[in-house]
Amino acid sequence: MEEMVNVFLFGKKYSVPSNLTIMGAMEYAGYQLIRGCGCRNGFCGACATIYRIKDDRELYACLACQTTVQDNMYVATLPYFPLVKEVYDINKVSPNEQIMMQLYPEIYSCIGCNACTKSCTQGLNVMQYIAYAQRGEFEKCAEESFDCIMCGVCSSRCPAKISHPQVAILARRLTGKYLMPEAKHLTNRVKEIENGDFEQMLEDLMQKPIEEIKELYNTREIEK
Amino acid sequence: MYTSDAMLESIKKVEATRPSRVGVLPERMTADEKEALLSQYHPDYKEDGFEVLQVGPNKGDKVPTELAALLQANSRIPGLNVDLNKVDYDVDVLVIGGGGAGSSAAIEAHENGANVMIVTKLRIGDANTMMAEGGIQAADKENDSPAIHYLDALGGGHYANVPELLKKLVTEGPGAVKWLNELGVMFDKAPDGTMITTHGGGTSRKRMHAAKDYSGAEIMRTLRDEVLNRGIPVIDFTAAIELIKDEEGKVAGAVLLNMETHDVMVARAKTVIIATGGAGRLHYQGFPTSNHYGATADGLILGYRAGAKLLYADTLQYHPTGAAFPSQILGALVTEKVRSLGAQVLNKDGIAFVHPLETRDVEAAAIIRECQDRDGGIETGEGLAVWLDTPLIEEIHGEGAIEKGIPAMLRMFSKYGIDIRKEPILVYPTLHYQNGGLQIAADGQTGVENLYVAGEAVGGIHGRNRLMGNSLLDVIVFGRNAGQHASEKAKSVKVGKLTLSHVEQFAEEMKQAGVESSIVSPKLLPNYTHQKDI
Numbered sequence: 003m004e005e006m007v008n009v010f011l012f013g014k015k016y017s018v019p020s021n022l023t024i025m026g027a028m029e030y031a032g033y034q035l036i037r038g039c040g041c042r043n044g045f046c047g048a049c050a051t052i053y054r055i056k057d058d059r060e061l062y063a064c065l066a067c068q069t070t071v072q073d074n075m076y077v078a079t080l081p082y083f084p085l086v087k088e089v090y091d092i093n094k095v096s097p098n099e100q101i102m103m104q105l106y107p108e109i110y111s112c113i114g115c116n117a118c119t120k121s122c123t124q125g126l127n128v129m130q131y132i133a134y135a136q137r138g139e140f141e142k143c144a145e146e147s148f149d150c151i152m153c154g155v156c157s158s159r160c161p162a163k164i165s166h167p168q169v170a171i172l173a174r175r176l177t178g179k180y181l182m183p184e185a186k187h188l189t190n191r192v193k194e195i196e197n198g199d200f201e202q203m204l205e206d207l208m209q210k211p212i213e214e215i216k217e218l219y220n221t222r223e224i225e226k
Numbered sequence: 017m018y019t020s021d022a023m024l025e026s027i028k029k030v031e032a033t034r035p036s037r038v039g040v041l042p043e044r045m046t047a048d049e050k051e052a053l054l055s056q057y058h059p060d061y062k063e064d065g066f067e068v069l070q071v072g073p074n075k076g077d078k079v080p081t082e083l084a085a086l087l088q089a090n091s092r093i094p095g096l097n098v099d100l101n102k103v104d105y106d107v108d109v110l111v112i113g114g115g116g117a118g119s120s121a122a123i124e125a126h127e128n129g130a131n132v133m134i135v136t137k138l139r140i141g142d143a144n145t146m147m148a149e150g151g152i153q154a155a156d157k158e159n160d161s162p163a164i165h166y167l168d169a170l171g172g173g174h175y176a177n178v179p180e181l182l183k184k185l186v187t188e189g190p191g192a193v194k195w196l197n198e199l200g201v202m203f204d205k206a207p208d209g210t211m212i213t214t215h216g217g218g219t220s221r222k223r224m225h226a227a228k229d230y231s232g233a234e235i236m237r238t239l240r241d242e243v244l245n246r247g248i249p250v251i252d253f254t255a256a257i258e259l260i261k262d263e264e265g266k267v268a269g270a271v272l273l274n275m276e277t278h279d280v281m282v283a284r285a286k287t288v289i290i291a292t293g294g295a296g297r298l299h300y301q302g303f304p305t306s307n308h309y310g311a312t313a314d315g316l317i318l319g320y321r322a323g324a325k326l327l328y329a330d331t332l333q334y335h336p337t338g339a340a341f342p343s344q345i346l347g348a349l350v351t352e353k354v355r356s357l358g359a360q361v362l363n364k365d366g367i368a369f370v371h372p373l374e375t376r377d378v379e380a381a382a383i384i385r386e387c388q389d390r391d392g393g394i395e396t397g398e399g400l401a402v403w404l405d406t407p408l409i410e411e412i413h414g415e416g417a418i419e420k421g422i423p424a425m426l427r428m429f430s431k432y433g434i435d436i437r438k439e440p441i442l443v444y445p446t447l448h449y450q451n452g453g454l455q456i457a458a459d460g461q462t463g464v465e466n467l468y469v470a471g472e473a474v475g476g477i478h479g480r481n482r483l484m485g486n487s488l489l490d491v492i493v494f495g496r497n498a499g500q501h502a503s504e505k506a507k508s509v510k511v512g513k514l515t516l517s518h519v520e521q522f523a524e525e526m527k528q529a530g531v532e533s534s535i536v537s538p539k540l541l542p543n544y545t546h547q548k549d550i
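These protein sequence lines are chains A and B, in that order. Each residue of the first sequence is one higher than the last, beginning at 3 in this note's numbering. Each residue of the second sequence is one higher than the last, beginning at 17 in this note's numbering.
Simulated from the structure, these hints should not be mistaken for laboratory data. From a predicted model like this one, the values you see are computed outputs, not experimental measurements. It cannot be assumed that every hint is accurate.
Pair ranges (Cβ atoms, derived) [unchecked claim]:
#1 Glu395(B) / Lys94(A): 56 to 62 Å
#2 Ile212(A) / Pro94(B): 33 to 39 Å
#3 Glu49(B) / Asp73(A): 49 to 55 Å
We treat Cβ as the ideally placed atom computed from N, Cα and C, and that holds for glycine.
Using the sequences and the hints given, assemble the complete structure.
Now the structure itself:
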């Protein structure tokens with residue numbers, strides 16, 4: 003006999019096996035999920051969930067696909083949160099403080115309550131990366147926010163109305179495009195390819211009889 | 017947390033052999049050994065997992081039983097009130113699917129001046145691209161070339177790759193990585209800007225580019241941001257349930273279904289791109305899957321009913337290292353990068369029984385053999401599994417290497433009390449990738465005019481087995497390619513009168529062949545209600 007626990011899905015009580023994730027528990031209870039379910043592996047942010055445990059005042063946030071149910075868990079999912087997403091042309095912006103002031107000025111209203119960090123489903127130091135963004139330290143913001151899955155729980159808890167995940171992706175794109183050094187070998191290789199430098203080598207290989215290709219494959223040198 | 021005595025005993029053996037395994041790897045298998053192993057243990061060779069199609073362009077070919085049931089099922093159209101005279105969306109290019117291929121296609125079509133729209137049954141970014149952890153291949157280092165990349169992929173694919181498609185993949189690889197980098201994707205780089213690249217299973221050069229172990233997520237969220245910046249309309253929670261043709265038999269749009277309200281809508285388009293991804297959620301042969309929730313092969317059904325041919329639909333990829341414990345993450349991907357960084361695959365006695373970087377089909381078959389026939393597996397409660405010795409990574413690369421290189425893996429297991437820096441993890445093959453799919457020419461077009469396909473829904477690029485890192489590459493290269501060609505083609509297309517007669521015709525063919533079905537397709541979503549979470 004499986005061990006069962008009581009969970010309250012949107013306030014309604016269900017008895018479910020104790021080893022299920024919250025997502026598994028919802029399905030066990032009979033929900034055919036449409037919203038609030040994406041990759042089911044902790045990468046897409048579709049299943050942000052907030053919960054309380056009976057007699058505990060703390061409000062917890064998690065991903066439903068990555069969190070095991072507990073007895074007397076009160077669950078509400080947050081399948082969508084209205085983040086502010088400003089549009090910009092990545093080719094026309096510059097990686098300086100101006101861009102943040104222009105697109106997301108509310109980050110300067112951060113009151114330092116740290117509710118964002120406390121609620122992050124990925125355990126990130128969200129307030130810290132917002133501080134980096136304020137100072138125009140985009141590389142640090144990018145690094146600190148790198149594991150963000152844009153579920154939006156941080157923003158739902160923010161009294162300063164910041165859309166943290168959108169600030170973070172702007173910082174990452176600026177970092178990836180402008181701040182990290184150019185990969186010169188890549189630039190060169192693309193030029194060589196455009197120049198047709200490898201065309202003959204490939205054509206020669208493609209023309210070979212299959213037995214010869216197999217021999218080449220089976221005896222090819224493998225970089226250590 | 018490991019609590020069973022058998023697991024704890026076995027971990028002691030793993031720890032005992034660890035020092036002697038640093039820098040020592042089992043021999044790679046010969047071509048003959050691989051062939052013998054695959055034919056006996058790989059699920060693709062299991063005859064009762066397949067069924068021969070009786071209708072459609074691939075009549076006489078075998079495909080997985082679960083896919084056959086959907087290809088030869090009833091259309092959703094007869095139960096609905098579809099009025100083709102009432103056009104809800106009228107666009108140049110309609111992209112079906114909001115993953116990496118669909119987004120890349122939409123960006124390029126937009127760049128080419130087309131009026132392009134994305135429809136997706138979930139949200140943009142709910143896709144296998146988001147979950148690709150390990151990386152993207154491209155031959156951009158001094159000691160590498162597109163020809164070497166070609167040979168690696170061809171051998172890995174059992175020489176079945178369509179040459180012109182593979183050529184495109186490897187030749188446009190470096191350009192694809194550059195394009196992503198210029199969109200702002202943060203690839204792992206050395207301080208001087210050199211891309212940090214590693215091996216994947218079956219590669220002969222270190223050409224795997226990564227963004228920690230969030231490679232696909234970093235690419236997908238960047239593409240999504242770009243789609244939104246460009247103002248490309250994304251009609252989410254809306255599935256395409258049938259393609260529409262015009263009276264000349266050219267594809268001219270799709271019937272759409274709002275997943276929540278069940279409203280039916282008509283999208284007219286000059287060209288259509290199917291970018292619907294894979295099929296892991298069909299759970300072929302009962303395997304768990306690493307795929308996202310919507311991976312139900314919808315595009316294959318749509319295309320097949322419209323007359324597009326499938327290629328290699330009988331070959332699937334079982335990723336050798338799916339999480340096997342605890343049950344909450346059964347089937348979840350444990351990225352190949354874990355092995356690229358040095359983790360070895362061990363049996364219950366702590367013996368490395370296979371080289372960790374064989375191609376995925378060989379690696380998976382070796383694990384299945386070890387568990388089924390060599391008594392090397394560890395009981396998990398859900399079945400047998402083998403160890404992936406993650407602590408070895410820090411023995412090789414020093415402390416901190418795991419947090420820096422595979423933070424997502426560290427996080428996933430830590431939620432269940434397993435510290436992968438200190439303890440090995442239990443793995444078993446998981447249904448990961450659809451090697452086959454709809455057949456295309458180098459311009460991305462199927463045999464049905466104005467119907468294009470990109471991404472995992474395409475068959476042929478990878479032959480009968482795909483190498484790690486060639487899928488992220490394929491969604492970008494062939495996504496962009498389809499977007500460019502479909503938008504160019506759209507400039508000269510004049511759409512005629514819309515019709516769904518091909519759907520009726522397919523139903524008639526089924527009737528003629530005596531094929532009866534009690535289900536409708538495309539499936540759209542798996543049904544897990546009242547079931548265990550898998």
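Now the hints, each set against the structure:
1. Glu395(B) / Lys94(A): 56 to 62 Å: holds, 59 Å
2. Ile212(A) / Pro94(B): 33 to 39 Å: violated, 47 Å
3. Glu49(B) / Asp73(A): 49 to 55 Å: Given about 51 Å between the Cβ atoms, the range holds.
Comparing the model with each earlier hint shows a violation of hint 2 alone; every other hint is respected.
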